[in-house]
Amino acid sequence: MRTAANPSDIGVKPPLRDQPGQVNILLVDDRPDKLFALTAILEELGQNLVVAHSGTEALRLLLRHEFAVILLDVYMPVMDGFETAALVRQCVRTEHTPIIFISAISVTDTHASKGYSLGAVDYIFAPVVPSILRAKILVFIELHRQTEELARNEALFRHIFDEAPIGMALLDEDERFHKVNQAFCAMLGYESEALTTMTTAAITHPGDRKRETKEAVRLARGKGAVASLDKRYLDRDGKEVWASTTTIRISSNKGKETHRLVMAKDITDKQHIQELERLTYQLQRTNAELEQFAYIAAHDLQEPIRMIGNFLHLLEREMGPDLSPRAKDYFAQVTGGAERMKAIVHSVLEFSRIDTDIGEIVLIDTEDAVRREVAVLAETIAATRAVIKVGPLPSVRCSPAGMSRLIQNLLSNALKFRSKDTPVIQVAATASDGWVTISVRDNGIGIPPSQGGKLFILFQRLHTRNEYPGTGIGLASCKKIVENHGGRIWFESKPRRGSEFFFTLPSAHTHAG
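Under this note's numbering, the first residue of the sequence shown is numbered 60, with each subsequent residue one higher.
In case anyone wonders, no lab produced these hints; they're calculated from the structure. Treat the hints with care, since some could be wrong.
[Unchecked claim] Label-pair ranges, simulated between beta-carbon atoms:
#	residue 1	residue 2	range
1	His218	Lys448	52 to 60 Å
2	Glu125	His218	20 to 28 Å
3	Asp296	Arg235	19 to 27 Å
4	Asp424	Asp480	39 to 47 Å
5	Thr317	Met257	15 to 23 Å
6	Asp233	Val421	51 to 59 Å
7	Thr115	Glu250	44 to 52 Å
8	Arg431	Thr481	33 to 41 Å
9	Asp388	Arg119	42 to 50 Å
10	Ile309	Asp492	35 to 43 Å
11	Asp233	Ala460	25 to 33 Å
12	Arg119	Ala279	45 to 53 Å
13	Ser491	Arg295	50 to 58 Å
Glycine included, every Cβ here is placed at the ideal spot set by N, Cα and C.
Starting from the given sequences, assemble the full structure and let the hints guide the process.
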């Protein structure tokens, strides 16, 4: 971290990226006193502050090092800030590096307009407000870190794709091969250059094209994200190559399919069965690692979201008297968005914990478990004057945490989606063939038949947030919990006449394990 004791220290350049986690920030000004002031303002951010006394010196540094943001003085001798910025933008390495102009003289809006035309992200007039400048710089520090992380992830994906022992192919939206790995080429006897001029249909056996097209259409319409299919390819010599394929739908942030990732394993030789079993184990382990990654990613997202919310509140409080009604509305919308993102991240964490929190499968007194959850919801039940009817209910084999979440989610939904009538909720059960079917019936608003397909999908909601709060994770969690216990979950409903949810769990007489 750069620490300056007095303006004369500004001539000493610190080593770049000398501490793990630090980013480089370039300060460009010909006046030591201004550099000293900027350093004093920014040093508490704990980053590596690098100074340059001229545009020429700044350009030399930019050719050798990466910077998260550049603070650039406008009025400098020989080469002013505008000329320096123009040369920065001409270099491929720095064409997207954020530039903030700092000018000690507020002449006209012309200078600011010129700065923005050169690709500046901001134009600040002195005297600088320290807290606002630090808040702006923090945004670019976080953006730089996220960009670096994205680049690392892209490099990792390319390495995994290229070095994978099974065939992998990336298809574009026209089903053309955008990229293939060496294993895919070896399986079919083609060079990669030849395959990237072809469509997947061109090398698929005519008898399997219809099935593959059906799966492709299903993915394109958003009906699932993954499709598995055993199919026949035709190699370079026209011979059949049986392959077990898994296709993953890759979408843009607007939900439109942009690519499909195909993983293909040659199963022509029946001796490969043992190898497929090994790969299945590896995939299961990879799925576990991916679930852990989802948990870690969601956990790490909480801090930047919290930081954004805090700085928004600080900015609003500091600028409050100067904010127009429209600006206040903008602040409210952005703050609301941050809160919703925080709730979504929390929901992702909850969902990712389901498998790890399942715990030991034990014999559960179902009736006692339901009554405990009724007690937890006592305040809501009293406020809605709901009537809860329970049992008798047989014991089941389930994890305590899973049973608690199941009952709580279903009861909460029955209370939330109530009609104008007094809520009446009935929890009942039947036992048959080693399984117990538990039902939760209500007299609420019901579910339209056309909307039922969305009910158990993560983050799918049938109502707007203004109508009913929530993130759309409850029933998806219930489905995952039930299926982890080997059961199934479904519902029956009529609009305005209530709903009944059913789920099955192993009975007390089922052999444990």
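Going through the hints against the structure:
The supplied range of 52 to 60 Å is met by His218 and Lys448, whose beta-carbon atoms lie about 58 Å from each other. For Glu125 paired with His218, a C-beta distance near 21 Å keeps the hint of 20 to 28 Å intact. The beta-carbon spacing between Asp296 and Arg235, approximately 22 Å, falls within the hinted interval of 19 to 27 Å. Checked against the hint of 39 to 47 Å, the C-beta distance between Asp424 and Asp480 comes to roughly 31 Å, which is inconsistent with it.
For Thr317 and Met257, the Cβ-Cβ distance of about 19 Å falls inside the hinted range of 15 to 23 Å, so the restraint holds. Range check, Asp233 to Val421: about 53 Å between beta-carbon atoms, so the 51 to 59 Å window is met. The hinted window of 44 to 52 Å between Thr115 and Glu250 holds, with their beta carbons roughly 49 Å apart. Checked against the hint of 33 to 41 Å, the pair Arg431 and Thr481 fails, with Cβ atoms roughly 23 Å apart.
At about 46 Å, the beta-carbon gap between Asp388 and Arg119 stays in the expected band of 42 to 50 Å. The beta-carbon spacing between Ile309 and Asp492, approximately 42 Å, falls within the hinted interval of 35 to 43 Å. A beta carbon spacing of about 47 Å between Asp233 and Ala460 contradicts the range 25 to 33 Å that was offered as a hint. A hinted range of 45 to 53 Å for the beta carbons of Arg119 and Ala279 is consistent with their spacing of about 51 Å.
Separation of Ser491 from Arg295 is about 56 Å and conforms to the stated range, judged on CB atoms against 50 to 58 Å.
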